[in-house]
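Please put together the full structure from these sequences, using the hints given.
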Amino acid sequence: MKKWREHTYSFILLVVVLVLWEAIAFNIKMTFILPSPTDILMKLWELKKVLLLEHLPATLCIILIGLGISIILGVGLAISMNSSKIIEKAFYPLIIFSQMIPTIALAPIFILWFGYSIWSKVLVTVLITFFPITINTYDGLRAGSNDLKELLLTMGAKKKDVFLLVNVPSAMPHFFSGLKVAVTLSVIGAAIGEWLGAQAGLGYFSRRMMTQFDGAGVFAPIIVLSAMGIMLFLLVKWVENKTLMWRKSE
Amino acid sequence: MKKWREHTYSFILLVVVLVLWEAIAFNIKMTFILPSPTDILMKLWELKKVLLLEHLPATLCIILIGLGISIILGVGLAISMNSSKIIEKAFYPLIIFSQMIPTIALAPIFILWFGYSIWSKVLVTVLITFFPITINTYDGLRAGSNDLKELLLTMGAKKKDVFLLVNVPSAMPHFFSGLKVAVTLSVIGAAIGEWLGAQAGLGYFSRRMMTQFDGAGVFAPIIVLSAMGIMLFLLVKWVENKTLMWRKSE
Amino acid sequence: MIKTVLHFDSVSFRYPKQEKGPLIYDSMKFTVREGEFVSILGPSGAGKSTLFRLITGLEQPTGGKILLNGEYFSNRLGHVGYMPQQDLLMPWRTIWENAALPLQIKGSKQADMRISVEELLKEFGLGGHEDRYPAELSGGMRQRVSFLRTILTGSQVLLLDEPFSALDAITRLSMQEWLLKQWEKRKKTILFITHDVNEALFLSERIFVLTDPPVSRMEDIPVPLDRPRTLKALDIPEIMVLKDRLIDQLRTKATT
Amino acid sequence: MIKTVLHFDSVSFRYPKQEKGPLIYDSMKFTVREGEFVSILGPSGAGKSTLFRLITGLEQPTGGKILLNGEYFSNRLGHVGYMPQQDLLMPWRTIWENAALPLQIKGSKQADMRISVEELLKEFGLGGHEDRYPAELSGGMRQRVSFLRTILTGSQVLLLDEPFSALDAITRLSMQEWLLKQWEKRKKTILFITHDVNEALFLSERIFVLTDPPVSRMEDIPVPLDRPRTLKALDIPEIMVLKDRLIDQLRTKATT
Amino acid sequence: NSTIKSDAKDNGEKQLKEVNVMLDWYPNAVHSFLYAAKEKGYFEEEGVDVNFQFPANPTDPINLAAAGKITLGLTYQPDVILAHANQDVPIKSVGAIVRSPLNHVVFLDESTIKRPKHLEGKTIGYPGTPLNEAIVKTMVTEDGGNPDKVKLVDVGFELESSLVSKKVDAIIGAYINHEVPVLEHKGYKTRYFDPTKHGVPNYYELVAVTSAQTLAKDKDSIDAFWRAAKKGFEHMEKDPDAALELLLTNQDEANFPLVKSVEQQSIEILLPKMRTENGFGLQDQDSWKETSEWMKKTGLIKQVPELTEMYIEE
Ligand SMILES: Nc1ncnc2c1ncn2[C@@H]1O[C@H](COP(=O)(O)OP(=O)(O)OP(=O)(O)O)[C@@H](O)[C@H]1O
Ligand SMILES: Nc1ncnc2c1ncn2[C@@H]1O[C@H](COP(=O)(O)OP(=O)(O)OP(=O)(O)O)[C@@H](O)[C@H]1O
Ligand SMILES: [Mg+2]
Ligand SMILES: [Mg+2]
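Chains as they are written, first to last, in my numbering: chain P, 366 to 615; chain E, 366 to 615; chain Y, 32 to 287; chain C, 32 to 287; chain X, 4 to 317.
Since the hints were made in silico from the structure, they are not lab data. Be aware that a few hints might be false.
Stated by the list, open to error - DEER-style ranges, computed between Cβ atoms:
1) P/Leu529 - X/Gly190: 53 to 63 Å
2) Y/Arg145 - E/Gly441: 32 to 42 Å
3) P/Leu459 - X/Ala219: 55 to 65 Å
4) E/Cys426 - P/Phe376: 53 to 63 Å
5) P/Pro422 - X/Gly190: 51 to 61 Å
6) X/Thr311 - P/Met407: 22 to 32 Å
7) E/Leu529 - C/Lys274: 25 to 35 Å
8) Y/Tyr103 - C/Glu50: 35 to 45 Å
9) Y/Lys34 - C/Pro268: 44 to 54 Å
10) C/Glu50 - Y/Ser43: 54 to 64 Å
To be verified - List of simulated lysine-lysine pairs, DSS-like, C-alpha gap at most 30 Å:
11) X/Lys222 - P/Lys394
12) Y/Lys153 - C/Lys263
13) E/Lys450 - P/Lys607
14) E/Lys523 - E/Lys607
15) E/Lys523 - Y/Lys218
16) C/Lys153 - P/Lys514
17) P/Lys602 - E/Lys413
18) X/Lys154 - X/Lys20
19) X/Lys154 - P/Lys414
20) Y/Lys140 - E/Lys523
21) P/Lys394 - X/Lys20
22) X/Lys117 - X/Lys152
23) Y/Lys48 - C/Lys153
24) P/Lys414 - P/Lys394
25) P/Lys514 - C/Lys51
26) C/Lys153 - C/Lys34
27) E/Lys413 - E/Lys394
28) C/Lys48 - Y/Lys153
29) Y/Lys263 - C/Lys263
30) E/Lys450 - Y/Lys48
31) X/Lys233 - X/Lys292
32) P/Lys523 - C/Lys263
33) Y/Lys137 - E/Lys514
34) Y/Lys216 - Y/Lys153
Bear in mind the structure is a predicted one, so any value in this text is a computation, not a measurement. Don't be surprised by glycine CBs; every beta carbon is placed ideally from N, CA and C.
Encoded structure:
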């Protein structure tokens, strides 16, 4: 019961937004630019099989592989930078630099290397998502209490122990912040990746519809994409709450 | 002296990367796809006036306005969500949803509203950058120690005091993590924004060069863009270090 | 007639998180009058700190009522000065800024604050440390900053939770004397948690002795000594007997 | 011949951050032999905790050498059991997990750990709280967990920084007795910081008295009492004189 | 040139009517006639002040014209038909600019492909538009091949690079007046198939569209614009080099990274495709009919829209 009541507000806001949208769409009467929610819903129903069975799995696959690599890479980098000043000094600027390059400029290079396989799309996703994970985890690792670290050292703890017992728990809240941003970005990452060349996927489908002046067709796959993204986000939040249980008892 | 030595490693790595790049570029011999660093440098020199005096200011303007709005919006949202469960419940899903929509799908709508003015580009930048600021600040605001908050309450502190004296300082490290990600994203945001329609700007220039199949011309403005992004990033880091001075004494 | 500052009217309490657990207080009653100095003794985990959390309003009684100055407030926050057991200094603020916290909350002017805070810091042996951060202080120094911060709330009622536990005998003595002077001059009402029976006897007019939870009645023991007291006064036979009785009381409470 | 466990050879120290500040120790010398129980007294801010930080190896002397068991290590970390003044429990670990920390670091098996930790928790009056988080405990309970954690390091040399300051007289006594038993049975060497002169006299064989910094020599006072001691033994005239002498010593040191 | 314009205004000449034109792409040789008309003052003579904009999306000219945000948009005939058939987008073509497809199937000179049938078993890169799929299918079928054996890959923005890096065997969506000369300029010789020679109707590559509303409101300015454009085209036809020069110098180098030799080649290819005896811009009902019917046949649209809804006859 209480759970349901919690979501009332978000539901009300959602309805307000949808009604407003419907009204605006009805007024400007340009379905090809701004389709109304009902248009989109109808399109969604019409295309449900194609979207859910064909394009959704393709995109989800890119996102999951991309996020997986990002987490490994991001956390790995954060740990290396945390444990060695040299690595930090060397890589930090490079990591930032990697973020400043618009992915589209790199597209031909990715394709040169990976062709039109899934990997060029995964690479785009990784490039976009590993950064918030790296930065947040790295900042989180530095947030560990010095007093606790010292105490562990006096117990004969190795660097590794201190790391696992103090830095890691202290970094968890930061890591989750980063992961939440990354999950969200991964959806756009996959969509952009698909624009670089694809045969299937929700981003591909949406872009294709754009050339057809089919506004509802552009938005329908995006709704599916968003729904998937929100689901992933909620999953991360759930894991966060499970992992950081002790917070509640404070 | 010490400062210089600190940067040696990043310098060495940079040189290694550049040499490797030059070698690869030399080997595949496809300047239009992967121009070598020297090609880019020459182009940069050739175009220096145009890039620095005409396109850089246009892009910088978008980035600064966009970031400014993002900070205000992101921090504002984080504070509202922190102070009211209702707002949190209502807006949180909407904020995440806003991130899942590929900007390009919204481009026609932005242009319908703002035309090809600077505001459609600023809007794209805001849409991309406000999210990490919001999420990080919001998570940071919740990281304040409960014991401290209670102590302040016993001193007759108002909600506002507790907020300013405990939540804000505790949120600062998180906020800066988010800002660093946002600054980085703002560069891509501005570039994407310019692709949605612009007559000037580094992203615009780069994309035009793309249509000319001019690899070095594509990368030269990107180098300027990255340099600007790195500068902004370092600025944020510097402010962070100044603001969180007490950390050092731990 | 002397005013009642604090009145517990059949107060029961258990921590909300221990919903199924035992009560810590079970319809407990007691009264503290204006200008009294009351010490609270009791075994570790008995509920002394919890008592303070109830008085300050950080916790709400499960049953019964707490009256402050004869009135019932549902929100009691901000009415008393509270020094918690942990020092709780803010790591991002200097000593000076930590001490000045209550003044800042009240909205005092920077200039006024500077003088009063700096004077007290000096008086507490912390002169010259104003601009250092808590992490650079010794345990006893931090405790004194925390104590100072409580004093600066300016409240007429002070709840002090083991305020001098980290201090050596000499520093402790000078802090005790300072506190007594304040109490006499400003007519404060003080509740003082301590584990040191001598300290309780030296300072207070009454001593409350807590048992292990659930507590429904505290032993209420008056201290038969005049003011000003000296440490030597604690060695007179009457007090020695009282001290032994207190220790015995604590011992039986702890073992039953 | 009895082994030397700890030897300070003209050790000087100042905190690196106070580069221009005064020394805390100025070529200080002292020796502790195996199986000794040494208490350390001194005014707040004198450098007692700093001494422990030097011994554990958390700080390095600015000058001189520190020998452990007659040997010089440049890295002394992990050789002694250290209980810091602040309890430093990890908020994200339960009581049981906090206490078991040193065993975990040594790589003990879960099953072995369970038994020994749970037994000790019960013995320290913390039975039934194993699965609670530190924030749900009273100050004295947290201190006992911290003490327990230090004991579980299994070190032969223990550095205890005001281990019982937050405990009531009775709990404190039982902890003291427990500690003495361990000390006698296991032949541990113990350095014990306290502010309670009685506690120092009751427990230790020698008492070091620190002055305000810079300290170059600690007063080294043997306690002329046999074992086993009772609390009553502290009331014999010889000890009363010693106690007064100690208090006087602290007083003069504090005021000069 | 802005000073010239304001002088003209100050001289008290009649108020110029503003006409906003969105090009189909970044400015290139095909737009020479427009820039010529602007630089030579033909627009001003006709009483219109023309601004050019470049689109972000290929569909922007149609969308924004329909929304009334621009007066005219340059776009592709098949897209106009699509917009009408799929969504009833209220736009009308006011004139044809390029009268036959520039969009060809392009492959490297060294390729073994000799005729459309050879595309069987090959990979073709395209920008993800169904129109291009239909063109390839029509061409292969017409040449007796099986279109199902052709593999189409959406390569997004990267037509040229996918071809030269040999990730695909051929590309469609590339223009013989741009991609082909650019590739040649970079040292890649290419060959291509003209779709109209293999069963695809001779559709208009470039038309100018406006919305029905704008047409009703601004008919005069549009007519004026078109008269000036015609003069511009005459100039371009007479002296292509001068027209090109106007285009190249019209904007500073910063905004105009065109390669002169490429654009020269482009203009040569373009001129015959823009020229017509009946007068520049004139539209032919047959072209609309043929193209629509072909599109219906290939499944691009479900039914042929009302032809007169799509364009205006002069
Ligand atoms: N991390 C640090 N950085 C700089 N100065 C420090 C640091 N820790 C302690 N000090 C200073 O060193 C001196 C000695 O501190 P120490 O903690 O050793 O005192 P102590 O004898 O343990 O006092 P107490 O009984 O109050 O705990 C103090 O003046 C203190 O301010
Ligand atoms: N936040 C909390 N949540 C749940 N239980 C708590 C909480 N704080 C304290 N307790 C429990 O309440 C009981 C009383 O705690 P309290 O802190 O009042 O003891 P105390 O008398 O102050 O002891 P000490 O002398 O050790 O400080 C203890 O059993 C403790 O575990
Ligand atoms: Mg307590
Ligand atoms: Mg200390």
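The hints, checked one at a time:
no., hint, in the structure
1, P/Leu529 - X/Gly190: 53 to 63 Å, "holds (57 Å)"
2, Y/Arg145 - E/Gly441: 32 to 42 Å, "holds (34 Å)"
3, P/Leu459 - X/Ala219: 55 to 65 Å, "holds (59 Å)"
4, E/Cys426 - P/Phe376: 53 to 63 Å, "violated (40 Å)"
5, P/Pro422 - X/Gly190: 51 to 61 Å, "violated (42 Å)"
6, X/Thr311 - P/Met407: 22 to 32 Å, "holds (30 Å)"
7, E/Leu529 - C/Lys274: 25 to 35 Å, "violated (50 Å)"
8, Y/Tyr103 - C/Glu50: 35 to 45 Å, "violated (57 Å)"
9, Y/Lys34 - C/Pro268: 44 to 54 Å, "holds (48 Å)"
10, C/Glu50 - Y/Ser43: 54 to 64 Å, "holds (57 Å)"
11, X/Lys222 - P/Lys394, "holds (23 Å)"
12, Y/Lys153 - C/Lys263, "violated (40 Å)"
13, E/Lys450 - P/Lys607, "holds (20 Å)"
14, E/Lys523 - E/Lys607, "holds (28 Å)"
15, E/Lys523 - Y/Lys218, "holds (27 Å)"
16, C/Lys153 - P/Lys514, "holds (28 Å)"
17, P/Lys602 - E/Lys413, "violated (47 Å)"
18, X/Lys154 - X/Lys20, "violated (50 Å)"
19, X/Lys154 - P/Lys414, "holds (24 Å)"
20, Y/Lys140 - E/Lys523, "holds (18 Å)"
21, P/Lys394 - X/Lys20, "holds (28 Å)"
22, X/Lys117 - X/Lys152, "holds (17 Å)"
23, Y/Lys48 - C/Lys153, "holds (22 Å)"
24, P/Lys414 - P/Lys394, "holds (28 Å)"
25, P/Lys514 - C/Lys51, "holds (27 Å)"
26, C/Lys153 - C/Lys34, "violated (35 Å)"
27, E/Lys413 - E/Lys394, "holds (25 Å)"
28, C/Lys48 - Y/Lys153, "holds (22 Å)"
29, Y/Lys263 - C/Lys263, "holds (19 Å)"
30, E/Lys450 - Y/Lys48, "holds (21 Å)"
31, X/Lys233 - X/Lys292, "holds (25 Å)"
32, P/Lys523 - C/Lys263, "violated (46 Å)"
33, Y/Lys137 - E/Lys514, "holds (16 Å)"
34, Y/Lys216 - Y/Lys153, "holds (20 Å)"
The structure fails to meet hints 4, 5, 7, 8, 12, 17, 18, 26 and 32 from the earlier list, while all remaining hints are met.
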